[in-house]
Amino acid sequence: MFRSAAISRWGAVALTGFLLLPHAALGRVRPHFGGELRIETSGAEAPDFVKLLVTETLTSIDTRGEIRPGLAVSWQSRNGDRQWQFRIREGVQLHGADSDAPFSATLAAETIRQGLTKAGIAGRVHAIGEDVIVEFDAPLPQFAALLADVNFGVAASDSRGIPMGSGPYTIQSIAAPRMTLVANLDYWGARRFPETITVLWGRTAREQALDLAAKRADLVEVPPEELHHAQQERTRLSNSETAEVVVLCAERAGAADAKLRQALSETIDRSALLNFIFQKQGAIAGTLLPNWMTGYGALLPVVHDTAHARQLRGEAGGHVAFTLGFDGRDAAMQLLAERLVLNAREVGLTLQTVARTSDVDWLLRRVPVRTANPAAALTEITHALHYTVELKDTSLESVLLAERAAVADYTLIPLLHLNHAWSASERLHDWSSATPLQPLPPATWIENKVESKP
Amino acid sequence: MRTTSLVTLFALCLVSASSAWALAADEVEEFASRIAALSGTGTATFTAANSSSASAEKFATFRKVLQRSLQEAGVRLRQSGQTSTDIRVTLSENVRGLVYLAEVQQGAETHDVIVEAPTALTPSPSTSAMTLRRTLLVSRADPVLDAAQIRVSNETKLVLLTARAVVLYRQQSGRWTEEFSTPIGYGKRFPPDLRGHLVSSGESTLDAYLPGVICQVNAAGEFRAECHDADDAWPLGAQAAFFNTAGNFFNGLMRPGFGRQLPPFFTAAALPYPGYTLWIFNGVDGQIRTHDGGRPGTLNVHDWGSDFAAVRSGCGSGSQLLVTAMTDTGADDSLRGFELVEREPVLAAPAMEFSGAITALWTAGDGASAMAIVHNERSEAYEVFNVSIGCNQ
Numbered sequence: 001m002f003r004s005a006a007i008s009r010w011g012a013v014a015l016t017g018f019l020l021l022p023h024a025a026l027g028r029v030r031p032h033f034g035g036e037l038r039i040e041t042s043g044a045e046a047p048d049f050v051k052l053l054v055t056e057t058l059t060s061i062d063t064r065g066e067i068r069p070g071l072a073v074s075w076q077s078r079n080g081d082r083q084w085q086f087r088i089r090e091g092v093q094l095h096g097a098d099s100d101a102p103f104s105a106t107l108a109a110e111t112i113r114q115g116l117t118k119a120g121i122a123g124r125v126h127a128i129g130e131d132v133i134v135e136f137d138a139p140l141p142q143f144a145a146l147l148a149d150v151n152f153g154v155a156a157s158d159s160r161g162i163p164m165g166s167g168p169y170t171i172q173s174i175a176a177p178r179m180t181l182v183a184n185l186d187y188w189g190a191r192r193f194p195e196t197i198t199v200l201w202g203r204t205a206r207e208q209a210l211d212l213a214a215k216r217a218d219l220v221e222v223p224p225e226e227l228h229h230a231q232q233e234r235t236r237l238s239n240s241e242t243a244e245v246v247v248l249c250a251e252r253a254g255a256a257d258a259k260l261r262q263a264l265s266e267t268i269d270r271s272a273l274l275n276f277i278f279q280k281q282g283a284i285a286g287t288l289l290p291n292w293m294t295g296y297g298a299l300l301p302v303v304h305d306t307a308h309a310r311q312l313r314g315e316a317g318g319h320v321a322f323t324l325g326f327d328g329r330d331a332a333m334q335l336l337a338e339r340l341v342l343n344a345r346e347v348g349l350t351l352q353t354v355a356r357t358s359d360v361d362w363l364l365r366r367v368p369v370r371t372a373n374p375a376a377a378l379t380e381i382t383h384a385l386h387y388t389v390e391l392k393d394t395s396l397e398s399v400l401l402a403e404r405a406a407v408a409d410y411t412l413i414p415l416l417h418l419n420h421a422w423s424a425s426e427r428l429h430d431w432s433s434a435t436p437l438q439p440l441p442p443a444t445w446i447e448n449k450v451e452s453k454p
Numbered sequence: 001m002r003t004t005s006l007v008t009l010f011a012l013c014l015v016s017a018s019s020a021w022a023l024a025a026d027e028v029e030e031f032a033s034r035i036a037a038l039s040g041t042g043t044a045t046f047t048a049a050n051s052s053s054a055s056a057e058k059f060a061t062f063r064k065v066l067q068r069s070l071q072e073a074g075v076r077l078r079q080s081g082q083t084s085t086d087i088r089v090t091l092s093e094n095v096r097g098l099v100y101l102a103e104v105q106q107g108a109e110t111h112d113v114i115v116e117a118p119t120a121l122t123p124s125p126s127t128s129a130m131t132l133r134r135t136l137l138v139s140r141a142d143p144v145l146d147a148a149q150i151r152v153s154n155e156t157k158l159v160l161l162t163a164r165a166v167v168l169y170r171q172q173s174g175r176w177t178e179e180f181s182t183p184i185g186y187g188k189r190f191p192p193d194l195r196g197h198l199v200s201s202g203e204s205t206l207d208a209y210l211p212g213v214i215c216q217v218n219a220a221g222e223f224r225a226e227c228h229d230a231d232d233a234w235p236l237g238a239q240a241a242f243f244n245t246a247g248n249f250f251n252g253l254m255r256p257g258f259g260r261q262l263p264p265f266f267t268a269a270a271l272p273y274p275g276y277t278l279w280i281f282n283g284v285d286g287q288i289r290t291h292d293g294g295r296p297g298t299l300n301v302h303d304w305g306s307d308f309a310a311v312r313s314g315c316g317s318g319s320q321l322l323v324t325a326m327t328d329t330g331a332d333d334s335l336r337g338f339e340l341v342e343r344e345p346v347l348a349a350p351a352m353e354f355s356g357a358i359t360a361l362w363t364a365g366d367g368a369s370a371m372a373i374v375h376n377e378r379s380e381a382y383e384v385f386n387v388s389i390g391c392n393q
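Line by line, the protein sequences give chains A and B. The C-terminal position of the first sequence is numbered 454 in my numbering, with every residue numbered one higher than the one before it. The C-terminal position of the second sequence is numbered 393 in my numbering, with every residue numbered one higher than the one before it.
A couple of the hints might just be wrong.
[Unchecked claim] In silico lysine to any residue, SDA-like type, Cα no more than 20 Å apart, as pairs:
1. A:K280 / B:S51
2. A:K392 / A:R178
3. A:K392 / B:T110
4. B:K64 / B:T110
5. A:K392 / B:S51
Quick caveat, the hints were computed from the structure, so don't treat them as lab data. None of these values were measured; they are calculated from a predicted model.
Next comes chain B alone, as it looks inside the complex (with noise of 0.2 Å):
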């Protein structure tokens, strides 16, 4: 009877949050299995050795998890003595991730169990390497800041949010053409880098989110916007960001947050995995942090440019991180696309460019794209790209 069950998954995600370790339950559950099928029910003495790089912490745990196991399974473990079976376990590893090996001897007989227990899967850039895609839906001389599509009356349209106004878009012929535009009508005096950010609020409409206002955006009947004072945190997906007023950043509290207020950030993301959800932002400082509910942690990366977006492409491991790249504002931009692979980033779509710097970058409303406005200064025009992430096979 396979009993380890939640005791075992407790033990081993009380140890680490890392989704490796976290996973790794029902592989500690199989190899106690199969130890204990070549062993047979009875006493067998038990050593363990470590020869991987996991910590005397978490070596500690699964030893004690795996011997749990086997006793459940009949075995009756002692440190030495005289037994007629003798099982010597090691933890190793692989490139795939943990291996955990054992000679159960029995007499002149040893049989090996190999149980592998890979980390999530690693997409190779070489062969698994995916492309992004981008359609150009408008472009426009005012700057945008962010864009969205609802659905009106059946209809699929448009929103953008300048600076000043709210615009509404209908397609005709396959271009999407202005239909209405309302002004925020609002006497604020913005920061420069002004940011915005356009959030469903329901069926046809839309708050629009700018430093100190918020905007009630009606796309039902007549078309408008009502704005006011706010300092209302920002929807980003299952966490909310307050916004400094008078910056381009949001000033690190959130709700419900993480426990402690983080550093200042430009921009967050959210990755989901098996069992949490892993937020990346990108500190006003140049640090990339992450947090997943229970532990803070930073990515050792230096190049990414200070906007970045999630989107579920349900390629590799099924959402990647677009990335801005770091230019300079007027320098071409790119993005890039990445995994969090064990925690790391890597690259999974090469750099897709653009004529002109990305001013903003934001995750559509089906979480499936991100909306990237672009600057291009030889065209003077901001332009509103929808791009997503195509798998290569």
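Isolated chain A (complex conformation) (with noise of 0.2 Å):
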């Protein structure tokens, strides 16, 4: 309740200057349950953490990257983090109450072999009443961190094939590229407010701007190409933070040899790239991980040298020329790539730009960071790469020394940091925590009432 003073007429002279003061936005509408939440994005499927309020993961990973219960409440490693036992949650129900497969620990280790083997991770997993244990033959001191990822999702499926998970909601219905999804009212944590989401993806950030401006959307993307405009149209936006590293990647026999990828590395303009191309929305970098994420970015500076680069050209000799590949759908990384070109020129190297990204010398990728967990996202990124980082445990000075390792030869080379946020109606309250990774925090509400126009 939200009490005014309340005095009697003695009192009231004492208390005028208070009494005269502004009581901020007094009736407010108070968080209430129910309502859609529409919700676009541009991905080619359902957006991660749409996905995670399906399908919940063993552990989760919280803003501050750190390790969280999910539908595993404890786990310890032994064998020097070669052997990890999860003990799985009791109370847990799969949606559908006449599912012939509930949560188990059996489950849980079926969805660890799956997600395993797109991570790319040779492992032997087993459920043991209700643990599950999980074994490898090298140590992976980032496996708990890594099993928040949404692709360890422990799901069954139904006779349609549709996903049932445990989390706090259901799929009602999934018809490419729109999927539907109702409040989970048996869920075991603590439910959300929403009654219903929808999401709509493979759409444009054009197309994504005017559904938001035309009512039809709550909820949509914004790239770092579009930020700086968004932000001078004084739009809803969520935090801003670097959600995509950018990295040149030696593709073919490590691109020649190590002076001409350093050479190459010291005479990018990184500055000019983020500031022309992406409107200062980012950072320069000299490592995978953003700073926001490790803090140990000074120990990587960005070293833009050209006369050190001639040098090292000068030194590595001979005439060399080499294709640089990109996304040719993404517009931004050919302008990136051209001015690569020029950059490149002058210091003596040749590159040529190909609008595809395999049986190329270089290659310029976009990484998404999905997770704020350093170990964990170092893995990640690299494994985008096709490179693998061995930690020796999941400290920082662990992180960085793997990461030291990656970029050492310069056949990785990371180039900018992006920022990403989200647009969101004004239907929405609650939100000012949203950010790229969590762009629908919890306590999120939605405001029934839906003005579409046409």
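Take the two lone chains and join them into the complex the hints point to.
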């Protein structure tokens, strides 16, 4: 209840000063359950944060990158992080009361087995009673963090092949590119506010912006290329932070010798790339992991030294020409590639841009940052770049050591950390803590009334 | 030998009363000892840079304490000149808090030292969300101001304070049943939006505080309440606050207080943290103010109702605030649970809805729950709930 200062007329005189002060937002609407939340994205499928509302993982990663219990209530590792044991949560029900595949250690084990295959990690998985045991030949200290990835979401399938998870929402329908979720009233955890969530994917940034403006969508992505414009338009934006790293990867036979690779890295004017192509929406990168996650960016500074690059180029000798590939559907990457050609030319390196992602010497890659946990993020990012990291443990020092090794020979050259954000309609409330990795905070609720323009 | 101890701690605490800095002494000491282990004793050049959001003052103190710790570890520091060891320190930060970075260079070899000094644990609403739990104790027609449970002859009883009486309940077959009622027996005309508070004063006894009145309630033997005019401060944990006898708020004067008188407030709550207690006040001007015993502050919130209560749950950081919604009197209300992380409120437990306005909310005597009084206009009853916070994991 919002209380007004009540006072007798004698006391009123003394308090006049306070009573004249404004009472902010008196009568504000309170959070309530219900309503339809409409999300649009550009991806080829529903975004991870939506999938995780349906299928839950044994662990989860919070916004600080710390590991939290999920469908596992506890875990421990033995034998130098080669063997992991997870105790699964009791009282969890899969969607669909008639499911003949209840949540169990067996189901969790099968999920982990499939997830490991997708992640390219060899391991042996067993279910024993209420525990899941996972064994690896080599230490995998970051395994508990990796298990929070959506690929490890525990679900069975119904007769139509639709996933039945245990999360706060169940899938009501899927017909690509649209999915509808409804609140799971039997959810074991804290219930979310919106009654239904519809997701429409494969939408361009322009289509999303138009739908948001026309009140046909409530939550849309804002890619780095559009972020500056969205800020100028005073669009309602989430916190923006790095959610993507742009990396120049030596694809073919290491793309010549190390001196040439270093020369290429040192001749790149990353600040110009960031300023002109992405309107300063991010940061120049000397690391794969963003500094907000690690804080150690100062130990791997960006080197832009054209004179030294020329010297290295001279030491390498010969005339060298490389092909530089990029995704032809990505206009920003094309611009970026063209600028790299100019940078390389300054030190006598020839790059030829080609709009393809295979059979090239160098390839420009945009890799999403999908977790705030440094050890897991480095593992996932390097896996996407076909590089395998080995961590001694999950400390920042070990992550730094592994990252140094990954970028030391310039076959992976980090260029930019790009900021992403989400934009929301005014129907969304309690949304201020939204981030690119968590665009739908648990407290967010939505007004039921929908005003759609024709 | 670890000798930084009190001097270091005192220096860090002097800079800021923030818990993150007050607790960072151990990490600075660890940082220094690890640098010293790499550099060995002897002379080293030392440079330090700040790439964090820490103020110049904080950074200066960090550098000073670190240098002292290194010197105590046997490292002789120079700002420049020829030495075999070069120590380059950067004060950085990440999403978890401050990060101390050092590069220790000896000849061609460089080693890194990283020590994280995380701030207070951040509860993640997505994963560490807590759940509010409530139990309806009793429902009655006349306005209830507060409720408290006491032990009487090895039996737990419930005492309600209303505008006119103090009522004793005993539990029978799982239900609270009115056992005795004793009128306040006092002809004083109370102000509108009457408030009152029950505070334990001993075994089987309570003090009932009303504006300008105090009643001694004795539940042992004959149940009785003896009331008299009194302007005594109302006990609110370790502090006591003077209530405006003609109004519905505290006038800001407290004992032992915080040095200066606070602006008038509706509600106060105390959240314990290592080394200090953070007090939070809901001002009658709509401002949420804080005081840690050393410094005042404000919280940037705009959707809290007028009442909150601290509850010790054992979840997350241990204690949370239960906060009412900003609704008009008569509208349905809700409670949400908040944690204060780096003195910023973070939602820890989603809203629990009530059918009516919460007219009173006080921390219960055991500190582990709160008593919420809800005026249900549909049933025309005042419902007394005991509300606690449950951990989801």
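Consistency of the hints with the structure:
For a cut-off of 20 Å, the pair hint linking K280 (chain A) to S51 (chain B) stands: about 19 Å separates their Cα positions. For the hint linking K392 (chain A) to R178 (chain A), the alpha-carbon distance of about 43 Å lies beyond 20 Å, and the restraint is violated. Taken as a hint, the K392 (chain A) and T110 (chain B) pair is honoured in the structure, with Cα atoms around 19 Å apart against an allowance of 20 Å. Simply put, K64 (chain B) and T110 (chain B) have alpha-carbon atoms about 23 Å apart, too far for the 20 Å limit, and the pair is violated.
Proximity of K392 (chain A) to S51 (chain B) is assessed by CA-CA distance (about 27 Å); at most 20 Å being required, the pair is judged violated.
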